[in-house]
Amino acid sequence: MKHDHRPINVDPSDLMGFAWPLSALASITHRIAGVVLFVGIAFGLYALDMSLSSAAGFEAFKGMLKSPFGMFVTWGLLSALAYHFVAGIKHLLLDMEIADTLEGSKFAAKTTILVSAVLIFLAGVWVIQG
Amino acid sequence: MVTQVTSFSRNGLSDFIVQRVTAYILATYTVFLVGYLLISGDLSYADWQMLFSHTAMQIFTLLALVSTCAHAWIGMWTIGTDYIREHYFGASADSFRLIYQVICILAVASYLIWGVKILWGN
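Sequence order for the protein chains is A and B. Residue numbers for the first sequence follow numbering that gives the first Met the number 0, so the first one is 0 and each next one is one higher. Residue numbers for the second sequence follow numbering that gives the first Met the number 0, so the first one is 0 and each next one is one higher.
A few of these clues could be false.
[Said to hold, decoys possible] Listed next, the in silico DSBU-like pairs over lysine-lysine satisfying Cα-Cα at most 35 angstroms (straight line):
| no. | chain 1 | residue 1 | chain 2 | residue 2 |
| --- | --- | --- | --- | --- |
| 1 | A | 65 | A | 89 |
| 2 | B | 116 | A | 61 |
| 3 | A | 65 | A | 109 |
| 4 | A | 89 | A | 105 |
| 5 | A | 89 | A | 109 |
| 6 | B | 116 | A | 65 |
Rather than coming from a laboratory, the hints here were simulated on the basis of the structure. Predicted model only: the values in this text are computed from it and were never measured.
Construct all of the structure, not just a fragment, from the sequences and the given hints.
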């Protein structure tokens, strides 16, 4: 078997064998939240369309937000937005060479998860209280 | 190996900058809209309609929508070229990725057209 030092592609089945430090989890969650938001734009545009169509449409939309399904979708999208926003700010700070050391990135990952957890909780309170 | 790619601007450095600039615009828009909704409490249709009839708000919203489309395209492109490749998908990876990218572009274009219609069509 030939051994060289070129970088290799990682098989997905090997991924589970790797350690998943918090910074890796924070990073993949940023991606997943981004994909959720990509699909969520359709919901956002639908909401904007309906709420701006007429006074009746606006009231109908408010009613939809109060249904369990409406609350769940709203909370889900707000959660994805909150996480993507906080993790995105971490990226913008990295551009400014803030928290770009190993220790810094551990701290930044913890902070990202903590701050977004608080925002996701607050979003839930907001959605329930309408 | 991925040899044929079509990034947003056909230039990685430019994509990087576009991703950052749009991120700042989207962050500002998000803070503004969430702040507005929090401050206004129980919002009426008249207030909501008036907000979106301001030219400044229409420009801000369209700017945010264009930013969303560019930002999402670069993000989805990155994910596509990271995961949809021969190593995972075999010989048909290029076809899968092309289909994936076409779907993404169609979605992005549809969002943009829909958004313009909402802002100025109603």
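Here is what the structure says about each hint:
Proposed proximity of residue 65 (chain A) and residue 89 (chain A) is supported: the alpha carbons are some 33 angstroms apart, at most 35 angstroms. Annotation: proposed proximity of residue 116 (chain B) to residue 61 (chain A) holds, straight-line Cα distance about 21 angstroms (limit 35 angstroms). Proximity of residue 65 (chain A) to residue 109 (chain A) is assessed by CA-CA distance (about 33 angstroms); at most 35 angstroms being required, the pair is judged to hold. With a C-alpha separation of about 12 angstroms, the suggested pairing of residue 89 (chain A) with residue 105 (chain A) holds against the 35 angstroms cut-off.
Only pairs whose Cα atoms come within 35 angstroms are accepted, and residue 89 (chain A) paired with residue 109 (chain A) is accepted, the gap being roughly 11 angstroms. Straight-line distance between C-alpha atoms of residue 116 (chain B) and residue 65 (chain A) comes to about 26 angstroms, which keeps the hinted pair within the 35 angstroms bound.
In the structure shown, no violation is registered for any of the earlier numbered hints.
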